[in-house]
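Chain order of the listed sequences is A and B.
Residues in the first sequence are numbered from -2 upward in steps of one, following our numbering.
Residues in the second sequence are numbered from 676 upward in steps of one, following our numbering.
Among the hints, a few may not be true.
[Said to hold, decoys possible] SDA-like, lysine to any residue: derived pairs with alpha carbons at most 25 Å apart: (1) B/K775 x A/I81; (2) A/K121 x A/E37; (3) A/K80 x B/K803; (4) A/K59 x A/K80; (5) B/K754 x A/G63; (6) A/K96 x A/G63.
[To be verified] Going by beta-carbon spacing under 8 Å, a handful of chain B positions derived as facing chain A: (7) N682; (8) P683; (9) V684; (10) K685; (11) M687; (12) L688; (13) D717; (14) E730; (15) N758; (16) V766; (17) D795; (18) I797.
These are calculated hints, taken from the structure and not from any lab test.
Heads up, the beta-carbon is just placed ideally off N, CA and C, and yes, glycines get one too.
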Amino acid sequence: MAKDINKTANEDAIVKVSEDSWKEAFDRENWVLPEVNLMEDDEAFFVIASMPGVSKDDVRIKIEDGNLVLMGRIDRSKFEGKKILLKEINTGNFYRKFKVADSIDTQNVEASFKDGELILKLAKHERIKPKTIEIK
Amino acid sequence: MRTLIYNPVKEMLRMSNAIADSLEKEFNPAFSKPACFSPRTDIVEIDGVVNILTELPGIKKEDIKLTVVENTISVEGEKKLANDDNIRYFVNERISGNFKRSFKMPFEVDRNGVEASFNDGILTVTVKKAEKEPEANKQIEVK
Chain A
-2 MAKDINKTAN
8 EDAIVKVSED
18 SWKEAFDREN
28 WVLPEVNLME
38 DDEAFFVIAS
48 MPGVSKDDVR
58 IKIEDGNLVL
68 MGRIDRSKFE
78 GKKILLKEIN
88 TGNFYRKFKV
98 ADSIDTQNVE
108 ASFKDGELIL
118 KLAKHERIKP
128 KTIEIK
Chain B
676 MRTLIYNPVK
686 EMLRMSNAIA
696 DSLEKEFNPA
706 FSKPACFSPR
716 TDIVEIDGVV
726 NILTELPGIK
736 KEDIKLTVVE
746 NTISVEGEKK
756 LANDDNIRYF
766 VNERISGNFK
776 RSFKMPFEVD
786 RNGVEASFND
796 GILTVTVKKA
806 EKEPEANKQI
816 EVK
């Protein structure tokens, strides 16, 4: 897992997932799919994922084996064992995987997280950018 | 005067197009999304204090309007979607538009004690019960 992540240069945007707590959480806790918007323009792909309740430090993004993986840990422990009057939110950590293959430039990924929303800008690989060819 | 020739095949094609169009309208998310949505909410009671947790990801604090009328707490606002003509959508799962939701509490609400905070896309409203005792339930004897 670690050696695949090493090929990414932007360490701020893509963090290694090595903590034991994350590994443990995969077995013990619930994981749900965040709702996403996927968009593109000529230069980049955009991913907006709704992860309400996740704080900025609990978000992990990684690119491995041509997959983009988004993860968010949620801490709802203070509500455990309390009297629940209404339950609509599918409580769980967020996990979603997208196949990006080699269509994106892994050196050029920007991520921001605000108000429970993760916004990713994945620059397109030169190869797949649209090119206009002029007829002389 | 032009002579109109009735062409049953053309007529059937027109009908099948009309059906396809109406089906598309029905299933295309852009048309089927409600004008006003209800954000998902959990309500948890902790030590007599009721916590209303509402999912509002991507909404600014200033865009949320919270009101208390008698024992009803209402949350409303608008979730705006950034619109850019250069951007093409593949998937649009995140709901947008106006939202409104009201919660009627089955007890007397301490209206001055209602507090709200907005963190990481979750609006938390804490509602305390008023000191005033509600009118005692009366048992009516059947004669």
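*Hint check, failures only*: 4, 5, 7, 8, 9, 10, 11, 12, 15
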